[in-house]
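A.B. asks: In the order they appear, the protein sequences are chains F and S.
Reminder that position 108 of the first sequence reads as 108 in this note's numbering, one-by-one numbering, no gaps.
Reminder that position 75 of the second sequence reads as 75 in this note's numbering, one-by-one numbering, no gaps.
I should point out that these hints are in silico values taken from the structure, not numbers from a laboratory.
Honestly, I wouldn't trust all of these hints.
Residues from chain S that face chain F, not an exhaustive set, calculated with beta carbons under 8 Å [as the list claims (entries may be wrong)]:
hint	residue
1	43
2	61
3	62
4	88
5	90
Straight line, CA to CA, 30 Å or less: simulated BS3-like cross-link-like pairs of lysine-lysine [stated by the list, open to error]:
hint	chain 1	residue 1	chain 2	residue 2
6	S	73	F	32
7	F	176	S	53
8	F	243	S	50
9	S	46	F	23
10	F	14	F	192
11	F	306	S	53
If you anchor each label on the Cβ, the simulated ranges turn out as follows [unchecked claim]:
hint	chain 1	residue 1	chain 2	residue 2	range
12	F	14	S	58	34 to 44 Å
13	S	28	F	61	35 to 45 Å
14	S	58	F	7	45 to 55 Å
15	F	148	S	58	24 to 34 Å
16	F	3	S	17	15 to 25 Å
17	F	304	S	56	19 to 29 Å
Using N, Cα and C, we set each Cβ at its ideal position, and we do this for glycine too.
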Amino acid sequence: MYLWIRNIKVHLAKIERLAKDAKARVIEVLRKGGIREDPEKFLNGLLQFFIIDPVRDEPTNLMRRLEHLLDVREHRLKDSIRRVLPDLGDFARANVEIMIEAARALDQIYRIVRHYLILGEKTSNWVLIMQLELEMPQIVKLAETYFKALDAFKDGKPIGDGIGPLVAASLLNGAKVKEIVEDTVVGIVERKGRKLYVIKAKGPGGTVGKPGEALKRIVEDELHGKVSRIIMIDAALKFEGEKTGEVIEGVGAAIGDPGPEKFKIESVAMKNNIPLDSIIIKQSLEEAITPMRKEISDAVEEVIRKIDKGLEERTKEGDVVVVVGVGNTLGIAQ
Amino acid sequence: MEVLHEMQGLDIYGLLLIMLILFLISSLLRTLLERRRIGKEEYETKTLIKCPKCNYSEERSFQVGDYVLKPEKKCPKCGETMRIHRIYAVKIVPRK
Chain F
1 MYLWIRNIKV
11 HLAKIERLAK
21 DAKARVIEVL
31 RKGGIREDPE
41 KFLNGLLQFF
51 IIDPVRDEPT
61 NLMRRLEHLL
71 DVREHRLKDS
81 IRRVLPDLGD
91 FARANVEIMI
101 EAARALDQIY
111 RIVRHYLILG
121 EKTSNWVLIM
131 QLELEMPQIV
141 KLAETYFKAL
151 DAFKDGKPIG
161 DGIGPLVAAS
171 LLNGAKVKEI
181 VEDTVVGIVE
191 RKGRKLYVIK
201 AKGPGGTVGK
211 PGEALKRIVE
221 DELHGKVSRI
231 IMIDAALKFE
241 GEKTGEVIEG
251 VGAAIGDPGP
261 EKFKIESVAM
271 KNNIPLDSII
281 IKQSLEEAIT
291 PMRKEISDAV
301 EEVIRKIDKG
311 LEERTKEGDV
321 VVVVGVGNTL
331 GIAQ
Chain S
1 MEVLHEMQGL
11 DIYGLLLIML
21 ILFLISSLLR
31 TLLERRRIGK
41 EEYETKTLIK
51 CPKCNYSEER
61 SFQVGDYVLK
71 PEKKCPKCGE
81 TMRIHRIYAV
91 KIVPRK
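Start from the sequences, fold in the hints, and give me the full structure.
C.D. replies: Structure below.
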């Protein structure tokens, strides 16, 4: 047990160093952005900012309650960044926001590991220590991944998760767009004789937007349910050994949000009896939050080929189709 | 005879011990070399600029402020405004 504890402490020191370096990087960005208060104090206030999950024993309006809490949290974070960095542009502020999220994740990993180590030591619980020791390589890898992601967030480089918005941007190809809901845009293009409504998060700042709400408004308010098909494009986690950038088709709402957006998409599709197709692009967690690898970027053409094939095989000329590019649009405009 | 047996027994155990130690050292070295190999994997971010009219393209290193669809310089072939087509990370191949 002594050896396990010693090994965990070595790994914990590494995680602590990563968490501190991440914090220092965010503070540097806040300083460069002209922060109007003590950056360390400001960041510390956000690092441990929490959200309490809504009651799940009573499922009535669970998704709406969760969405409300998530909205409150997001607006609180956005407002506090806007308050201290008023001179920074919207996109640069969005990048600061995701940098803070990454630093927060690292800080949380550090505090959780430290908690279990101290608890295991205090109670001489060798099972707890052994579990922690066995999990440590994966935990350290996760911490390193979040740390690597900081560079991409700082410089505004597109990340692997941005493949959905990249496909949407390629389909739009500079077409006129409008902001239908907060941080989410929609544009209309013609393809294979079909009318495509293409939805993506508003770039090039780092945001995922509200694709579910945007889809709901387009399908129900603008098109009154007259949609032949919904096609969703998103990055998906691959299994170890699988090829990065592999393009796979399926059905269902391809979106990895906490629940509300996915629920809206499923509800809209079900209520209006619209078939829901999905195209996913496989990648690891590290690839999803670090600068987009070429293999993932090269998948755009393959995804568009699959969309075209789907349009030809499953819809007819003159039909209206909604394409949703899901993911973080960091470094990708429209 | 008993002493001889004991000596032979010690030799066998000693040999096994040496083999075990050698196996452990070689495993450790293999792990360290593997870690060093994985740790060396580095990526460089590139920006691909493309002309929407004649498809002429150029690749350069990423610069802060680049984003996909950002208008760039004029196309040297047809004079159309080029745009950033893709931004991606490519593996740096170490020089041997």
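A.B. asks: Look at each hint and say if it fits the structure.
C.D. replies: Quick rundown of the hints versus the structure:
The interface hint given for residue 43 of chain S is met, as the beta carbon of that residue sits about 7 Å from the closest beta carbon of chain F, less than 8 Å. Given the 8 Å rule on beta carbons, the hint for residue 61 of chain S is violated: about 12 Å separates it from the nearest Cβ of chain F. Below 8 Å, beta-carbon pairs count as interface contacts, and residue 62 of chain S has one with chain F at about 6 Å; its hint therefore holds. Annotation: residue 88 of chain S was flagged as interfacial toward chain F, and the flag holds, the nearest CB pair being 4 Å apart, inside 8 Å.
The interface hint given for residue 90 of chain S holds, since its Cβ lies 5 Å from the closest Cβ of chain F, which is under the 8 Å cut-off. Taking the CA atoms of residue 73 of chain S and residue 32 of chain F, the gap is about 28 Å. The hint holds against a cut of 30 Å. Restraint check: the Cα-Cα separation between residue 176 of chain F and residue 53 of chain S comes to about 19 Å, which is no more than 30 Å; the hinted pair holds. Taking the CA atoms of residue 243 of chain F and residue 50 of chain S, the gap is about 27 Å. The hint holds against a cut of 30 Å.
With a C-alpha separation of about 27 Å, the suggested pair residue 46 of chain S and residue 23 of chain F falls inside the 30 Å cut-off, and the hint holds. This hinted pair does not check out: residue 14 of chain F and residue 192 of chain F have alpha carbons roughly 54 Å apart, beyond 30 Å. Straight-line distance between C-alpha atoms of residue 306 of chain F and residue 53 of chain S comes to about 24 Å, which keeps the hinted pair within the 30 Å bound. Between residue 14 of chain F and residue 58 of chain S the beta carbons are some 40 Å apart, a value that agrees with the proposed interval 34 to 44 Å.
The hinted range of 35 to 45 Å is not satisfied by residue 28 of chain S and residue 61 of chain F, whose Cβ atoms lie roughly 57 Å apart. Checking the proposed 45 to 55 Å range against residue 58 of chain S and residue 7 of chain F shows it holds: the Cβ atoms sit about 49 Å from each other. Take residue 148 of chain F and residue 58 of chain S: their Cβ atoms lie about 27 Å apart, and the range 24 to 34 Å holds. Here the CB-CB span from residue 3 of chain F to residue 17 of chain S is close to 21 Å, well matched to the stated 15 to 25 Å.
For residue 304 of chain F and residue 56 of chain S, the hinted distance range of 19 to 29 Å is satisfied, since their beta carbons lie about 21 Å from each other.
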